[in-house]
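Peer 1: Take a look at the letters that make up each chain.
Protein chains: 2
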Amino acid sequence: MVDPTPFHRNIPEPALRRLPWYLAYVKLLKKQGESYVSSTQIAKKINVSPTQIAKDLSYVNISGKTRVGYEIDQLINVLEEFLGFRYVHKAVLFGVGSLGAALLADSGLEQYGLKILAGFDVKDAVVNTMINHIPVYHANEFVERNTKTIKAEIGVLTVPADIAQQTADFLIEGGIRGIWNFTPFRIRVPEGIVLQNTSIYAHLAVMFNRLKQLPE
Amino acid sequence: MVDPTPFHRNIPEPALRRLPWYLAYVKLLKKQGESYVSSTQIAKKINVSPTQIAKDLSYVNISGKTRVGYEIDQLINVLEEFLGFRYVHKAVLFGVGSLGAALLADSGLEQYGLKILAGFDVKDAVVNTMINHIPVYHANEFVERNTKTIKAEIGVLTVPADIAQQTADFLIEGGIRGIWNFTPFRIRVPEGIVLQNTSIYAHLAVMFNRLKQLPE
Numbered sequence: 004m005v006d007p008t009p010f011h012r013n014i015p016e017p018a019l020r021r022l023p024w025y026l027a028y029v030k031l032l033k034k035q036g037e038s039y040v041s042s043t044q045i046a047k048k049i050n051v052s053p054t055q056i057a058k059d060l061s062y063v064n065i066s067g068k069t070r071v072g073y074e075i076d077q078l079i080n081v082l083e084e085f086l087g088f089r090y091v092h093k094a095v096l097f098g099v100g101s102l103g104a105a106l107l108a109d110s111g112l113e114q115y116g117l118k119i120l121a122g123f124d125v126k127d128a129v130v131n132t133m134i135n136h137i138p139v140y141h142a143n144e145f146v147e148r149n150t151k152t153i154k155a156e157i158g159v160l161t162v163p164a165d166i167a168q169q170t171a172d173f174l175i176e177g178g179i180r181g182i183w184n185f186t187p188f189r190i191r192v193p194e195g196i197v198l199q200n201t202s203i204y205a206h207l208a209v210m211f212n213r214l215k216q217l218p219e
Numbered sequence: 004m005v006d007p008t009p010f011h012r013n014i015p016e017p018a019l020r021r022l023p024w025y026l027a028y029v030k031l032l033k034k035q036g037e038s039y040v041s042s043t044q045i046a047k048k049i050n051v052s053p054t055q056i057a058k059d060l061s062y063v064n065i066s067g068k069t070r071v072g073y074e075i076d077q078l079i080n081v082l083e084e085f086l087g088f089r090y091v092h093k094a095v096l097f098g099v100g101s102l103g104a105a106l107l108a109d110s111g112l113e114q115y116g117l118k119i120l121a122g123f124d125v126k127d128a129v130v131n132t133m134i135n136h137i138p139v140y141h142a143n144e145f146v147e148r149n150t151k152t153i154k155a156e157i158g159v160l161t162v163p164a165d166i167a168q169q170t171a172d173f174l175i176e177g178g179i180r181g182i183w184n185f186t187p188f189r190i191r192v193p194e195g196i197v198l199q200n201t202s203i204y205a206h207l208a209v210m211f212n213r214l215k216q217l218p219e
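Residue numbers (my numbering), protein chains in the order written: chain A, 4 to 219; chain B, 4 to 219.
Hints listed in this document are in silico derivations from the structure and should not be mistaken for laboratory results. One or more hints might be untrue.
As the list claims (entries may be wrong) - SDA-like mimics (lysine to any residue), calculated; alpha carbons at most 25 Å apart, straight line:
(1) B:Lys215 x A:Glu219
(2) B:Lys126 x B:Gln77
(3) B:Lys126 x B:Arg89
(4) B:Lys118 x B:Ile137
(5) B:Lys48 x B:Lys93
(6) B:Lys151 x A:Lys33
(7) A:Lys154 x A:Ile175
(8) A:Lys48 x B:Pro53
(9) A:Lys58 x B:Thr201
(10) B:Lys118 x A:Ile65
(11) A:Lys47 x B:Leu217
(12) B:Lys33 x B:Gly116
(13) B:Lys93 x B:Gln55
(14) A:Lys33 x A:Asp76
(15) A:Lys30 x B:Val71
(16) B:Lys47 x A:Arg180
(17) A:Lys48 x B:Ile203
(18) B:Lys48 x B:Thr69
(19) B:Lys47 x A:Phe173
(20) A:Lys30 x B:Ile190
(21) A:Lys118 x B:Ala142
(22) B:Lys33 x B:Glu147
(23) A:Lys93 x B:Lys215
(24) B:Lys48 x A:Leu120
Stated by the list, open to error - What the simulated footprint calls covered on chain B by chain A, stretch by stretch (three residues with Cβ under 8 Å from a Cβ of chain A suffice, anywhere in the stretch; the number is not a length):
(25) 30-38
(26) 55-67
Said to hold, decoys possible - Simulated restraints on C-beta separations:
(27) A:Tyr90 x B:Thr69: 52 to 58 Å
(28) A:Asn64 x B:Glu147: 48 to 54 Å
(29) A:Lys154 x B:Pro15: 52 to 58 Å
(30) B:Glu144 x A:Pro193: 38 to 44 Å
(31) B:Ala46 x A:Leu198: 33 to 39 Å
(32) B:Thr132 x A:Gln114: 53 to 59 Å
(33) B:Val91 x A:Lys118: 32 to 38 Å
(34) B:Asn143 x A:Lys47: 37 to 43 Å
(35) A:Glu176 x B:Thr150: 49 to 55 Å
(36) B:Glu147 x A:Thr132: 27 to 33 Å
For every residue, glycine included, the Cβ atom is placed at its ideal position computed from N, Cα and C.
Based on the sequences and whatever the hints tell you, model everything.
Peer 2: Now the structure itself:
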């Protein structure tokens with residue numbers, strides 16, 4: 004269980020989630036022609052204290068210089084590297100419905116290190132088609148295709164909620180070690196399997212609720 | 004600032020975020036032919052304590068019966084109503100790039116109460132096209148179109164991160180009261196404007212990081 008790369012040790016999830024904000028901001032500064040940025044300067048824009056930012060950045064392999072702060076090009080490099088955006092993570096997607104097809108069509112994911120190599124579904128209308136140059140196969144073929152040729156580690160789950168759990172179990176059977184769950188279903192996975200829930204509909208509900216509470 | 008609907012008062016965000024999980028699960032039970040569900044039964048599946056579930060459900064207008072629990076049809080109705088999934092919330096989308104076009108193509112959002120009426124962009128290749136029957140207009144036309152005809156309350160933000168803040172300001176100028184921010188940029192909004200961040204790339208980073216820490 005020892006992490007071979009010392010800089011990944013022990014980073015708490017909230018810190019990890021803030022790093023992409025810093026990355027987006029320093030990329031903007033680079034575009035504006037800046038060369039250095041201090042944690043105070045980031046703090047002003049991001050609404051996180053300079054101390055917190057310095058602490059978060061202490062988990063990545065970079066050190067700032069007194070007065071001038073962090074060198075922007077270097078900060079972008081180490082953040083992208085640390086966040087895994089520079090490494091190709093092979094993935095498959097299960098459930099080529101509305102959201103699934105949309106994610107296959109989103110080439111943006113590849114820029115962030117996620118390469119979806121195949122979609123899987125059971126519907127005749129989508130099986131053996133291509134979406135954004137990505138082939139869609141029948142779900143029955145998954146275990147063989149993944150263990151023999153695709154060898155994806157990540158499974159993107161966009162099936163209907165009522166088959167989310169059984170599909171997750173099937174993904175794991177086929178060698179998937181990380182499940183990115185877009186369904187609103189609270190699936191369970193065994194130890195040693197990474198589960199990331201991205202419930203965009205839950206986010207919608209939070210937004211609707213807060214809008215309702217605004218004064219007219 | 005008093006909420007006209009008493010059942011929406013004071014629901015904490017974590018409770019609100021759990022409600023869609025319960026909804027997904029009871030919809031599955033309904034499909035399986037069940038009529039009643041207890042909080043203990045939900046708890047077993049969802050990994051939340053029965054006490055917490057009963058407390059979360061106390062914010063919505065439903066009461067369970069001793070021994071049998073909640074009536075499933077009624078629970079689905081009140082949850083969908085409470086979460087805002089039954090009411091049409093008008094939205095526009097800014098930034099018809101890869102992710103933006105994907106969200107326009109995702110008809111699933113409408114089933115959850117979000118109706119995107121128009122997309123806006125500045126690129127010739129997409130302006131004055133239709134995606135999934137949704138028109139895409141030039142961003143310059145936004146304020147006039149939104150104040151006169153569209154009257155959307157929600158703005159979905161899928162522009163490049165470096166123009167996220169200025170686009171958000173522009174949306175607010177055009178009458179938007181809730182911003183659903185898909186960019187990795189940490190935008191700021193004035194009081195009285197609802198901001199919901201859905202940083203799918205930050206979720207990716209968390210998943211990559213955890214995968215890295217799995218034993219081989």
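Peer 1: Does each hint fit the structure? Answer for all of them.
Peer 2: Taking the hints in turn, this is what the structure says about them:
1. B:Lys215 x A:Glu219: violated, 48 Å
2. B:Lys126 x B:Gln77: Violated. B:Lys126 to B:Gln77 sits at ~47 Å, over the 25 Å cutoff.
3. B:Lys126 x B:Arg89: violated, 34 Å
4. B:Lys118 x B:Ile137: holds, 10 Å
5. B:Lys48 x B:Lys93: violated, 34 Å
6. B:Lys151 x A:Lys33: Violated. B:Lys151 to A:Lys33 sits at ~39 Å, over the 25 Å cutoff.
7. A:Lys154 x A:Ile175: Cα-Cα ~12 Å, so holds.
8. A:Lys48 x B:Pro53: At roughly 41 Å apart (the allowed maximum being 25 Å), B:Pro53 and A:Lys48 break the hint.
9. A:Lys58 x B:Thr201: holds, 24 Å
10. B:Lys118 x A:Ile65: violated, 44 Å
11. A:Lys47 x B:Leu217: Outside the cut-off at roughly 36 Å; violated.
12. B:Lys33 x B:Gly116: holds, 21 Å
13. B:Lys93 x B:Gln55: At roughly 33 Å apart (the allowed maximum being 25 Å), B:Gln55 and B:Lys93 break the hint.
14. A:Lys33 x A:Asp76: holds, 7 Å
15. A:Lys30 x B:Val71: violated, 56 Å
16. B:Lys47 x A:Arg180: Distance of about 24 Å is within 25 Å: holds.
17. A:Lys48 x B:Ile203: OK: A:Lys48 and B:Ile203 at ~21 Å, within 25 Å.
18. B:Lys48 x B:Thr69: holds, 20 Å
19. B:Lys47 x A:Phe173: Roughly 21 Å between the alpha carbons, so the hint for B:Lys47 and A:Phe173 holds.
20. A:Lys30 x B:Ile190: holds, 14 Å
21. A:Lys118 x B:Ala142: violated, 31 Å
22. B:Lys33 x B:Glu147: violated, 46 Å
23. A:Lys93 x B:Lys215: holds, 13 Å
24. B:Lys48 x A:Leu120: Between B:Lys48 and A:Leu120 the Cα gap is close to 32 Å, so the pair fails against 25 Å, i.e. violated.
25. 30-38: It holds: at least three residues are needed, and the stretch 30-38 of chain B offers 3 whose Cβ sits within less than 8 Å of chain A.
26. 55-67: With 0 residues closer than 8 Å to chain A, the stretch 55-67 of chain B misses the three-residue bar; violated.
27. A:Tyr90 x B:Thr69: 52 to 58 Å: With a Cβ separation near 55 Å, A:Tyr90 and B:Thr69 satisfy 52 to 58 Å, so the hint holds.
28. A:Asn64 x B:Glu147: 48 to 54 Å: holds, 50 Å
29. A:Lys154 x B:Pro15: 52 to 58 Å: Violated: the Cβ-Cβ distance is about 43 Å, outside 52 to 58 Å.
30. B:Glu144 x A:Pro193: 38 to 44 Å: Check failed, 52 Å falls outside 38 to 44 Å.
31. B:Ala46 x A:Leu198: 33 to 39 Å: With Cβ atoms ~19 Å apart, the hint is violated.
32. B:Thr132 x A:Gln114: 53 to 59 Å: violated, 23 Å
33. B:Val91 x A:Lys118: 32 to 38 Å: Since B:Val91 and A:Lys118 have Cβ atoms about 37 Å apart, the given range 32 to 38 Å holds.
34. B:Asn143 x A:Lys47: 37 to 43 Å: Between B:Asn143 and A:Lys47, where Cβ atoms are some 31 Å apart, the hint is violated.
35. A:Glu176 x B:Thr150: 49 to 55 Å: Given range 49 to 55 Å: holds, Cβ gap about 54 Å.
36. B:Glu147 x A:Thr132: 27 to 33 Å: Between B:Glu147 and A:Thr132, where Cβ atoms are some 40 Å apart, the hint is violated.
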